[in-house]
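With the hints as constraints, model all of the structure from the sequences given.
Sequence lines, in order, name chains A and B. Counting in our numbering, the first sequence runs from 6 upward without gaps. Counting in our numbering, the second sequence runs from 6 upward without gaps.
Certain hints may be false.
[What the hints assert, rightly or not] Label-pair ranges, simulated between beta-carbon atoms:
#  : chain 1 : residue 1 : chain 2 : residue 2 : range
1  : B       : Ile26     : A       : Asp73     : 28 to 38 Å
2  : B       : Lys11     : A       : Asp235    : 27 to 37 Å
3  : B       : Thr193    : A       : Gly21     : 26 to 36 Å
4  : A       : Ala126    : B       : Arg169    : 30 to 40 Å
5  : B       : Gly21     : A       : Thr246    : 17 to 27 Å
6  : B       : Asp305    : A       : Arg308    : 36 to 46 Å
7  : A       : Arg308    : B       : Gly159    : 47 to 57 Å
8  : B       : Ile26     : A       : Asp306    : 38 to 48 Å
9  : A       : Glu271    : B       : Gly159    : 50 to 60 Å
10 : B       : Ala270    : A       : Pro160    : 51 to 61 Å
[As the list claims (entries may be wrong)] Here are the simulated SDA-like cross-link-like pairs (lysine to any residue), alpha carbons at most 25 Å apart as the crow flies:
#  : chain 1 : residue 1 : chain 2 : residue 2
11 : A       : Lys24     : A       : Arg55
12 : A       : Lys11     : B       : Thr166
13 : B       : Lys11     : B       : Lys24
14 : B       : Lys11     : B       : Gly56
15 : B       : Lys11     : B       : Asp72
16 : A       : Lys24     : B       : Thr166
17 : B       : Lys24     : A       : Arg308
18 : A       : Lys24     : B       : Asp73
19 : A       : Lys24     : B       : Arg228
20 : B       : Lys24     : A       : Gly229
21 : B       : Lys24     : A       : Pro227
22 : A       : Lys24     : B       : Pro227
23 : A       : Lys24     : B       : Ser252
24 : B       : Lys24     : A       : Asp306
25 : A       : Lys11     : B       : His223
26 : B       : Lys24     : A       : Asp216
27 : B       : Lys24     : A       : Gln205
28 : B       : Lys24     : A       : Ala230
29 : A       : Lys24     : B       : Lys11
30 : B       : Lys11     : B       : Gly28
31 : B       : Lys11     : A       : Gly145
32 : A       : Lys11     : A       : Thr166
33 : B       : Lys24     : A       : Thr166
34 : A       : Lys11     : B       : Val75
Please keep in mind that the hints were generated in silico from the structure rather than gathered at the bench. The structure presented is a predicted model; accordingly, all values stated were derived computationally and were not measured. The beta-carbon is built from N, C-alpha and C at its ideal position, and this holds for glycine as well.
Number of protein chains: 2
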Amino acid sequence: MHPFTKHFSDSVSAWGEEKLIAGIRRWLGTASPRSPFGIGDDCAVLPAARGRQLLTVDPVIYGRHFDDTVPPCAVGAKLLKRNLSDLAAMGGRPTAAVLALTLDARVSRQWLAEFYRGLAACARHYRVPIVGGDIAQADGVVAASLTLLGRPAGPRIVTRTGARPGDWIYVTGVLGGSRRSRHHYQFTPRLAEGAWLAGQRGVRAMMDVSDGLAKDLHSLTPRGAVTALDPAALPRRAGGTVAAALSDGEDYELVFTLAARTPRAEFERSWRRAFPRTRLTCIGRLVRPGDQPAGSLNLDDYRGYEHLR
Amino acid sequence: MHPFTKHFSDSVSAWGEEKLIAGIRRWLGTASPRSPFGIGDDCAVLPAARGRQLLTVDPVIYGRHFDDTVPPCAVGAKLLKRNLSDLAAMGGRPTAAVLALTLDARVSRQWLAEFYRGLAACARHYRVPIVGGDIAQADGVVAASLTLLGRPAGPRIVTRTGARPGDWIYVTGVLGGSRRSRHHYQFTPRLAEGAWLAGQRGVRAMMDVSDGLAKDLHSLTPRGAVTALDPAALPRRAGGTVAAALSDGEDYELVFTLAARTPRAEFERSWRRAFPRTRLTCIGRLVRPGDQPAGSLNLDDYRGYEHLR
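Have a look at this one:
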């Protein structure tokens, strides 16, 4: 669905701000708590919390993260799920979200209503209250940025730091072909998996794969180590190449390293009991430079998604 | 300063993502803590906190909130100060901020460096760590959206709800002419004043004036009450009209109501002791419909800033 309307009467601008905000409240429904805990004051008030928190922000932008082929309700859901994937990567659970919208005045009310309904349905499913937001106007733009607050699901937060030479490298799901297969908006954020992995002592470092494994793996690789990946082991989407699995991006899977001393068979059995429907693949390990077995993938031959290009 | 460069070599795009992120770290300097408490992981980790929190989001957009006449460092500072003003309006103090940038590939590195340096200086001044963010590309756009997390400065949060007929209406500073006078980016958010006011029992409801008093006051006015404002009492910026004071917007002042039974002279003396340099004006009161004295301003004759127009 195209976000812009040719008929002024169908545009957000024709409605004006007051009606639009009333519409947003209606579309969000129970996904947005009552003021001051939701939309309608200078800030949203969040109920008392304890302990460490997690904070992340990610946008969806027309022409970049979605186009006319993506249903507006899926755009709204994708916006929240992208952020949930970041939270999953640290072993977190969502607490609350705020939304900053930037819209051209010609955006159609129907498009916006479906966007919000999709966001609201996803927010209810993952129990994330949408507590506030802002709407601003900019010509030619349909962009939404969501900030997600969360808390650790258990006692431990897993960061990108902490991997060591010798660690095994694992990835969830399959990689590549995210656009072609519509996975880029139909994916399920790995929240339960991330929380479970954060509870496993052997899991040393973790992140989500969003810009392509070839690029993202660099962030997990410590100094004095290189990756030794087996190309045959890479879990590819049906019909996809190794290059696609490494470079396409928008996989929203988890990649993590497992300490070498961890009993791998036992770890994998526990995983299958916990997540019988989520594929888990050991794709290689971290080794010292020069220790790569013959036939290992050279990640420098592949590129991930480059922003600002 | 114009945000776009004609020379590719000076653009953010020529630098590429990796160098750009390294630049952002450098420009932010001590305003951004080390990972995982700052930029560099899937989420930022926030140190343990207790009690209720406040959350707000506001953007700055090229062509809307700034133009070529505003120095980029002032754009960065304005972005944070707009959000601090929302926090001030509830009696809050800042805890942490994240930033979502949406940039055209032709934005100049010099513009962006000065934007970040201005943001960083402001963040250090108000002790707000910039803990994370995101950069995305969109053609023709220079937009930044900041989400600010805070906590109440004292035991009480003041909302927009709670005013009653008979309450006095007060406003800080002077109103109107915000663009002309450069106040729209040179203002000081009323954080200390907001925290002090939240500690005064007589203060019943509060908000910041951002879309013009004529529009914003509606949010403070409860059912069964109307405003009775004395046009002569309105604190106007030098050379400004009553209409400008009511409609211009971007005042970033506080408006609040004071319970009728509060000893006003004593309240105002305490204010002057606490804030000898911040003007405070009683501009009228809330009355029952029909009880407006002759000569009262009719707010319906004025409009505030309408978004999406």
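Checked hints:
no. : hint                             : in the structure
1   : B/Ile26 to A/Asp73: 28 to 38 Å   : 31 Å, holds
2   : B/Lys11 to A/Asp235: 27 to 37 Å  : 48 Å, violated
3   : B/Thr193 to A/Gly21: 26 to 36 Å  : 32 Å, holds
4   : A/Ala126 to B/Arg169: 30 to 40 Å : 39 Å, holds
5   : B/Gly21 to A/Thr246: 17 to 27 Å  : 25 Å, holds
6   : B/Asp305 to A/Arg308: 36 to 46 Å : 59 Å, violated
7   : A/Arg308 to B/Gly159: 47 to 57 Å : 52 Å, holds
8   : B/Ile26 to A/Asp306: 38 to 48 Å  : 23 Å, violated
9   : A/Glu271 to B/Gly159: 50 to 60 Å : 53 Å, holds
10  : B/Ala270 to A/Pro160: 51 to 61 Å : 56 Å, holds
11  : A/Lys24 to A/Arg55               : 37 Å, violated
12  : A/Lys11 to B/Thr166              : 40 Å, violated
13  : B/Lys11 to B/Lys24               : 20 Å, holds
14  : B/Lys11 to B/Gly56               : 50 Å, violated
15  : B/Lys11 to B/Asp72               : 17 Å, holds
16  : A/Lys24 to B/Thr166              : 20 Å, holds
17  : B/Lys24 to A/Arg308              : 16 Å, holds
18  : A/Lys24 to B/Asp73               : 33 Å, violated
19  : A/Lys24 to B/Arg228              : 19 Å, holds
20  : B/Lys24 to A/Gly229              : 22 Å, holds
21  : B/Lys24 to A/Pro227              : 19 Å, holds
22  : A/Lys24 to B/Pro227              : 19 Å, holds
23  : A/Lys24 to B/Ser252              : 20 Å, holds
24  : B/Lys24 to A/Asp306              : 20 Å, holds
25  : A/Lys11 to B/His223              : 33 Å, violated
26  : B/Lys24 to A/Asp216              : 16 Å, holds
27  : B/Lys24 to A/Gln205              : 35 Å, violated
28  : B/Lys24 to A/Ala230              : 22 Å, holds
29  : A/Lys24 to B/Lys11               : 41 Å, violated
30  : B/Lys11 to B/Gly28               : 21 Å, holds
31  : B/Lys11 to A/Gly145              : 21 Å, holds
32  : A/Lys11 to A/Thr166              : 50 Å, violated
33  : B/Lys24 to A/Thr166              : 20 Å, holds
34  : A/Lys11 to B/Val75               : 34 Å, violated
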